[in-house]
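Protein chains in written order, with the numbering used here: chain B, 1 to 304; chain E, 1 to 483.
Keep in mind that the hints were calculated from the coordinates and are not lab data. Watch out, some of these pointers could steer you wrong.
Said to hold, decoys possible - With a straight-line Cα cutoff of 25 Å, these simulated SDA-like cross-link-like pairs (lysine to any residue) come out: (1) E/K228 - E/R204; (2) E/K337 - B/G77; (3) B/K240 - E/T351; (4) B/K142 - E/H250; (5) B/K82 - B/D100; (6) B/K82 - E/R296; (7) B/K225 - B/R278; (8) E/K228 - E/L31; (9) B/K39 - E/K337; (10) B/K239 - E/H398.
As the list claims (entries may be wrong) - Pulled a few chain E residues facing chain B out of the computed Cβ check, cut under 10 Å: (11) G46; (12) A48; (13) E53; (14) H63; (15) V64; (16) A70; (17) V80; (18) K82; (19) Q146; (20) L147.
Unchecked claim - Listed next, with one range per pair, are the computed distances between beta-carbon atoms: (21) B/R20 - E/G289: 33 to 41 Å; (22) B/S11 - E/G46: 31 to 39 Å; (23) B/L236 - E/N463: 26 to 34 Å; (24) B/S11 - E/S368: 44 to 52 Å; (25) B/G21 - E/D91: 55 to 63 Å; (26) B/E14 - E/S368: 53 to 61 Å.
Owing to the predicted nature of the structure, the values given are computational and were not obtained by experimental measurement. Yeah, the Cβ is synthetic: ideal placement off N, Cα and C, and Gly gets one too.
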Amino acid sequence: MTADASQRPSSAAELADGLRGVGYLPGEATALVTFLAIKLGKPVLVEGPAGVGKTELANALARYLDRTLVRLQCYEGLDEAKALYEWNYRKQLLRIQAEDDGTAWGDVQDDIFGEDFLLPRPLMTAIASAEPVVLLIDEIDKTDQEFEAMLLELLSDFQISIPELGRIAARTRPVVLLTSNNTRELTEALKRRCLYLWLDYPELEHELAIVRLHSPGLDETVARKLVEIVNQVRGLDLKKPPSIAESIDWARALLLLGAQDLDPDTFRETMSVIVKHRTDLDTVAARVGVTLHAAAPAGAGPGS
Amino acid sequence: MPAPGASGGPSPRRADGRVYARIPDRALTGLDGQLLEFAGDLREEGMAVGTSELLDAFAALRHVGWSRQADFREALAATVAKSPEDRRVFDLVFERFFFRAAEAEASRQGVGEGSARGQAADELELDLEELRRQIAAALAEGSEAQLGDLARLAIAAFSQGEGSGVLGVDVQRIRRALGLRTEPQADLPHDDPRRHGVPREQLRRFEQQLRHELERDLIERTASLPPKRPLSELDRALPTGPIQDLAAVHRVVAQLKRRLATQGRERKGRTPHAHVDVRRTMRASLQTGGVPVELRYRPRRPRRPEIFVLCDVSTSVTSASTFFLSVLHALHDAFRKLRSFVFIERISEVTEVFERERDFRTASEAVSRDAGVADISGYTDYGRVWTEFLAEIEDELHPRATVIVLGDARTNGRPPRDDVFAAITARAGRTFWLNPEPRLYWNYGDSVIAAYAEHCTAFECWNTDGLSAFVDALMKQGPGGPR
Numbered sequence: 001m002t003a004d005a006s007q008r009p010s011s012a013a014e015l016a017d018g019l020r021g022v023g024y025l026p027g028e029a030t031a032l033v034t035f036l037a038i039k040l041g042k043p044v045l046v047e048g049p050a051g052v053g054k055t056e057l058a059n060a061l062a063r064y065l066d067r068t069l070v071r072l073q074c075y076e077g078l079d080e081a082k083a084l085y086e087w088n089y090r091k092q093l094l095r096i097q098a099e100d101d102g103t104a105w106g107d108v109q110d111d112i113f114g115e116d117f118l119l120p121r122p123l124m125t126a127i128a129s130a131e132p133v134v135l136l137i138d139e140i141d142k143t144d145q146e147f148e149a150m151l152l153e154l155l156s157d158f159q160i161s162i163p164e165l166g167r168i169a170a171r172t173r174p175v176v177l178l179t180s181n182n183t184r185e186l187t188e189a190l191k192r193r194c195l196y197l198w199l200d201y202p203e204l205e206h207e208l209a210i211v212r213l214h215s216p217g218l219d220e221t222v223a224r225k226l227v228e229i230v231n232q233v234r235g236l237d238l239k240k241p242p243s244i245a246e247s248i249d250w251a252r253a254l255l256l257l258g259a260q261d262l263d264p265d266t267f268r269e270t271m272s273v274i275v276k277h278r279t280d281l282d283t284v285a286a287r288v289g290v291t292l293h294a295a296a297p298a299g300a301g302p303g304s
Numbered sequence: 001m002p003a004p005g006a007s008g009g010p011s012p013r014r015a016d017g018r019v020y021a022r023i024p025d026r027a028l029t030g031l032d033g034q035l036l037e038f039a040g041d042l043r044e045e046g047m048a049v050g051t052s053e054l055l056d057a058f059a060a061l062r063h064v065g066w067s068r069q070a071d072f073r074e075a076l077a078a079t080v081a082k083s084p085e086d087r088r089v090f091d092l093v094f095e096r097f098f099f100r101a102a103e104a105e106a107s108r109q110g111v112g113e114g115s116a117r118g119q120a121a122d123e124l125e126l127d128l129e130e131l132r133r134q135i136a137a138a139l140a141e142g143s144e145a146q147l148g149d150l151a152r153l154a155i156a157a158f159s160q161g162e163g164s165g166v167l168g169v170d171v172q173r174i175r176r177a178l179g180l181r182t183e184p185q186a187d188l189p190h191d192d193p194r195r196h197g198v199p200r201e202q203l204r205r206f207e208q209q210l211r212h213e214l215e216r217d218l219i220e221r222t223a224s225l226p227p228k229r230p231l232s233e234l235d236r237a238l239p240t241g242p243i244q245d246l247a248a249v250h251r252v253v254a255q256l257k258r259r260l261a262t263q264g265r266e267r268k269g270r271t272p273h274a275h276v277d278v279r280r281t282m283r284a285s286l287q288t289g290g291v292p293v294e295l296r297y298r299p300r301r302p303r304r305p306e307i308f309v310l311c312d313v314s315t316s317v318t319s320a321s322t323f324f325l326s327v328l329h330a331l332h333d334a335f336r337k338l339r340s341f342v343f344i345e346r347i348s349e350v351t352e353v354f355e356r357e358r359d360f361r362t363a364s365e366a367v368s369r370d371a372g373v374a375d376i377s378g379y380t381d382y383g384r385v386w387t388e389f390l391a392e393i394e395d396e397l398h399p400r401a402t403v404i405v406l407g408d409a410r411t412n413g414r415p416p417r418d419d420v421f422a423a424i425t426a427r428a429g430r431t432f433w434l435n436p437e438p439r440l441y442w443n444y445g446d447s448v449i450a451a452y453a454e455h456c457t458a459f460e461c462w463n464t465d466g467l468s469a470f471v472d473a474l475m476k477q478g479p480g481g482p483r
């Protein structure tokens with residue numbers, strides 16, 4: 001079964017179909033680079049603005065490959081003890097106390113630094129797993145450079161060095177995805193070990209397909225109008241442009257409200273779903289509201 | 001010219017698609033050689049393409065079908081281009097390289113498309129006005145497929161004879177003949193697509209098509225490749241990128257932050273946990289029956305540098321002040337304990353403005369509107385600035401504080417009061433001066449930088465390069481502070 005599954009995507013097109021099957025619509029480059037990552041056994045560094053589906057790609061990949069997703073959420077100050085492994089001090093201590101008096105020091109020492117006393121953290125879980133997994137290292141740009149350096153061994157050789165135990169090599173090769181919001185430049189060393197994928201906001205038609213997939217009940221014309229507006233809003237100079245996730249949220253909100261058309265009133269009431277800054281709200285209301293008003297007479301005719 | 005027969009395909013499995021013809025197989029080098037040459041081109045344009053990346057590229061190409069250019073290109077890009085900027089350069093170089101390679105091979109094999117110039121306008125009986133409209137319409141709609149054909153037609157219709165010999169000149173001549181402009185042309189009839197102006201990006205693409213066709217023509221006629229054109233800064237800039245490169249300033253400032261925070265650690269060595277926290281160790285030992293198995297350490301508080309920035313905004317540094325303000329803006333993003341001041345004749349604290357305003361443009365507008373630092377003459381008065389600064393924050397200066405002055409040290413003949421400045425630097429831990437003028441002009445005219453440089457370290461700095469040089473110098477200088 002494992003042999004069969006590891007052979008699974010035999011082409012980028014097949015992978016794209018598979019991802020579509022589990023509810024993720026990949027762009028061409030996305031499918032191709034992910035396919036290469038699986039085939040070459042290399043990690044992928046996925047960069048792009050927030051909310052374009054970087055994390056979701058890992059989720060979908062895990063679903064499609066039928067593997068467990070091991071996720072490591074990065075944050076400032078993340079260290080080895082939380083990412084790789086930690087010694088289980090309490091268990092070690094209990095072990096020492098349970099020992100008879102006569103036991104030689106050497107025996108105990110060999111014993112308590114064994115894998116039994118190791119608490120695996122996400123990265124170690126990922127490579128020690130008997131079944132191959134999908135490893136997601138989320139928002140790597142939030143960590144310090146030291147942590148990046150620590151990852152290098154794992155990413156290139158899929159092994160971890162533990163001073164007391166020696167090298168622990170991966171039992172199975174995980175598919176590794178690293179995501180970054182590009183808030184800081186990652187080191188060259190890390191980039192060199194990864195394939196690179198830049199996920200940007202999708203083309204209009206692509207996004208429309210995504211929105212329709214996630215809220216199938218929404219009227220097609222409304223959906224198209226929605227995506228057009230979101231596209232237009234992204235073109236404005238905003239603090240935080242709306243993401244794909246937010247257009248989906250918006251579509252669902254409209255569906256819940258039973259909106260038949262995106263007229264200026266509905267837009268004004270619901271735009272806080274996609275725009276989340278006070279000043280942005282004003283900008284969008286001023287710019288997009290006007291175009292909606294201008295378009296309203298033409299659009300309202302056939303609808304009523 | 002080598003014989004056409006020299007191109008025997010080495011591996012028939014790969015030879016199934018159209019793309020194969022696009023990658024000329026020179027008997028000597030083959031595809032591997034071509035890719036290496038391509039990598040060489042990328043390196044020339046400043047991309048760091050390592051050997052390991054090339055190996056990845058070859059490995060990746062083994063897994064994709066070559067029948068589609070997009071796949072080939074994406075696979076290559078994923079392995080060698082690792083940032084949006086690199087990707088942009090990659091795309092440009094990819095186009096340039098494979099266009100040239102294909103043309104070279106076509107010329108070698110004697111495959112020609114026939115010169116577009118050859119089919120003169122009279123032969124084609126073109127309605128020139130209609131052609132103008134069609135091209136403008138295609139540009140407005142953004143239909144990619146037609147552009148190539150229309151470019152050929154345009155060349156046939158509007159180019160004169162052999163052309164000027166300079167491609168750029170010919171391209172612009174044809175563009176003018178077509179009446180394509182980005183700005184609206186109100187005198188044209190209502191249904192003319194050119195009336196509202198042609199989208200800039202579209203026009204750029206069309207010009208590129210024109211250039212390609214002209215270049216192809218030239219190669220066919222002369223049977224030789226023109227020298228390749230290095231990418232210009234304009235080519236490189238991402239179309240969505242801002243004009244003022246705030247991102248670059250932010251990057252350098254982020255480095256600066258790290259340097260300031262970690263300075264002094266070299267001397268102490270790497271001792272991540274210095275002090276045992278006795279109280280917490282005792283508490284923890286209760287779990288293990290009073291045996292202190294697990295030592296608890298006092299967390300090492302990262303040193304929070306306190307920074308005071310003084311920024312000259314007078315007219316003599318106008319050209320640099322946008323840069324200075326963006327540095328100030330980035331510093332505010334990076335440091336929490338930062339107080340910033342702007343000065344001309346008087347000094348005014350603008351910390352609040354920058355903390356409140358995340359947007360650079362609004363912040364700089366607010367500073368120029370509200371700071372009220374010009375008094376009468378509008379010329380910088382350093383003496384007064386130092387006195388006011390010292391009076392205002394004398395109590396808050398301490399040996400851990402860093403003072404950074406951004407200014408040209410031109411006193412306009414007023415007393416420099418370097419004694420007051422010395423008092424400031426004596427109280428602060430470190431003082432740096434960033435001067436937007438080249439070192440050559442220092443101490444000429446009314447510049448008194450030498451008097452101040454005795455008490456601080458001065459750097460020339462008017463762009464991000466200078467700023468990163470400053471950051472580098474900070475590191476080399478070590479923890480000792482200014483001399």
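Just pull the numbers of the violated hints for me, sorted ascending. As far as the earlier hints go, 5, 9, 10, 11, 19, 20, 21, 24 and 25 are violated by this structure, in ascending order.
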